[in-house]
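Undergrad: Listed here are the chains, written in short residue letters.
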Amino acid sequence: MSDDQSLLSRRNALKCMAYGGAGTLFALSGGVFAPIDLAMAASDKKAAAKLGKPLFVQISDTHIGFNKEANPDVAGTLTQTIDIVNGMSDQPALIIHTGDITHLSKPAEFDLAQQLFGRLRTTEMHTTPGEHDTTDATVTEYFNRFGQASNNKGYYSFDHAGVHFIGLINVLQFKPGGLGILGDEQLAWVAADLKGRSASTPIVVFTHMPLWTIYEPWGWGTGDADQLLSQLRRFGSVTVLNGHIHQIVQKVEGNMTFHTARSTSYPQPQAGVGSGPGPLKVPSDQLAGMLGITSVSVVKHPQALALTDTALA
Amino acid sequence: MNLRRINMLLATVGVVVMGAMETPSPSIADTAETTKITVKDFKFDPTPMTVKAGSTVTWTNMDDEPHNVTSDTGLFRSGGMDTNDSFSYKFDKPGTYHITCSIHPRMVGTVVVQ
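As they're listed, the protein sequences go chains X and Z. In this text, residue positions in the first sequence follow this note's numbering: the first is 23, and each later residue adds one. In this text, residue positions in the second sequence follow this note's numbering: the first is 74, and each later residue adds one.
The hints are simulated quantities; they were obtained by calculation from the structure and are not laboratory data. In this text, a Cβ means the ideal position worked out from N, Cα and C, and glycines have one as well. Watch out, some of these pointers could steer you wrong.
[Said to hold, decoys possible] Counterexamples of contact, computed for chain X against chain Z with all Cβ distances above 12 Å:
| # | residue |
| --- | --- |
| 1 | Val107 |
| 2 | Thr144 |
| 3 | Ser179 |
| 4 | Leu194 |
| 5 | Arg255 |
| 6 | Pro299 |
[Unchecked claim] Derived coverage of chain X by chain Z (criterion: at least 3 residues anywhere in the stretch with Cβ under 8 Å from a Cβ of chain Z; other residues may be distant):
| # | region |
| --- | --- |
| 7 | 154-163 |
| 8 | 235-248 |
[Unchecked claim] Quick list of in silico lysine-lysine cross-link-like pairs, BS3-like style, CA-CA up to 25 Å:
| # | chain 1 | residue 1 | chain 2 | residue 2 |
| --- | --- | --- | --- | --- |
| 9 | Z | Lys113 | Z | Lys163 |
| 10 | Z | Lys163 | Z | Lys125 |
| 11 | Z | Lys163 | Z | Lys116 |
| 12 | X | Lys197 | X | Lys90 |
| 13 | X | Lys303 | Z | Lys116 |
| 14 | X | Lys197 | Z | Lys116 |
| 15 | Z | Lys116 | X | Lys90 |
| 16 | X | Lys303 | X | Lys90 |
| 17 | Z | Lys166 | Z | Lys125 |
| 18 | X | Lys128 | X | Lys175 |
| 19 | X | Lys128 | X | Lys273 |
| 20 | Z | Lys125 | X | Lys128 |
| 21 | X | Lys128 | X | Lys90 |
| 22 | X | Lys128 | Z | Lys116 |
| 23 | X | Lys175 | X | Lys197 |
| 24 | X | Lys175 | X | Lys217 |
| 25 | Z | Lys125 | X | Lys197 |
| 26 | X | Lys303 | Z | Lys113 |
| 27 | X | Lys90 | Z | Lys113 |
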């Protein structure tokens, strides 16, 4: 998928949201499509290797503590996930977890999650909480373990390999009706963080809930995201990552690529199907194909990142 | 302002967690008593619920997905309720109380205390 015509036509096609499906690829502005089928990636290790050295791997929605029919063994599927990451020929420099580490914010759930994460060969992990990580009455369990990087605020930034990463929190405040909120304080912090930064700096933003409205009736969006995105439009390469909806949905808009990762725990229904965004029960032989991770590599040009989704099976 | 502080403040009112109640739930209670609200299919049922002052309301989660009960004014907030978990709160003062599930904030309900 290397010629420009093909890239453009694919990009147009991807302007419409694409739901689910095994193994989906897309490019950032100026990027290159890396057409790899992810179910295939598990069986064809060379295909994954062609993507080059991964910059980071995104893990999301591990939901440690969940034990219902949709997946009675979420620790097992997280272990499988970690095995896939550890088995990559080039280890990613970073792991980014986009929230819902636990199912019910219980100390024992966080402890087990941390114990499992301890098996990752890549030791640098960045996190943002999901609403399932902040359901304890005092909202302290997540911050006691993962709050240090953000000084307990939940939002922070860092640089790695010339890429500027911004972790934001959108699960503590809500707009009436259900969309997440970043809030004025956090938005002002982003403005200060981006001030004076070169437009050629690749930006990666990660949150738990989507920063674009995928389905408002289920709260799949962030009410004041536009105030964030307007600050990001001047940058040449912006990658916006989230979890929360347990399925791949993606969109390319100008220089911004939006992508929601699969869960490692259980799938959820497509937007609006059924009574709400609860666990989706699927035949057990189909489950692994609906769980997975996203790998992000720098491709060709320093300003371009390529994203690859890998299913567990 | 620290966002986390807000929620910590919201959580300071003491609450009682009880087992699931067996009593059928009238939507209007004539005298102070315990009434039940079911949390199922991402809805509080019934809503609005009207009770007499002094009544204890118990919410029980019947979904596979966890929910919680959060007062919009910060009066009370349950922890995450897994399937079949319950949470109770005693309403002493008359008024209209709006509640939300902070995990699924489109889930809203009202308790009217007379």
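Undergrad: Tell me the numbers of any earlier hints that the structure contravenes, in ascending order.
TA: Checked against the structure, the hints that fail are numbers 4, 6, 12, 19, 20, 25, while the rest are satisfied.
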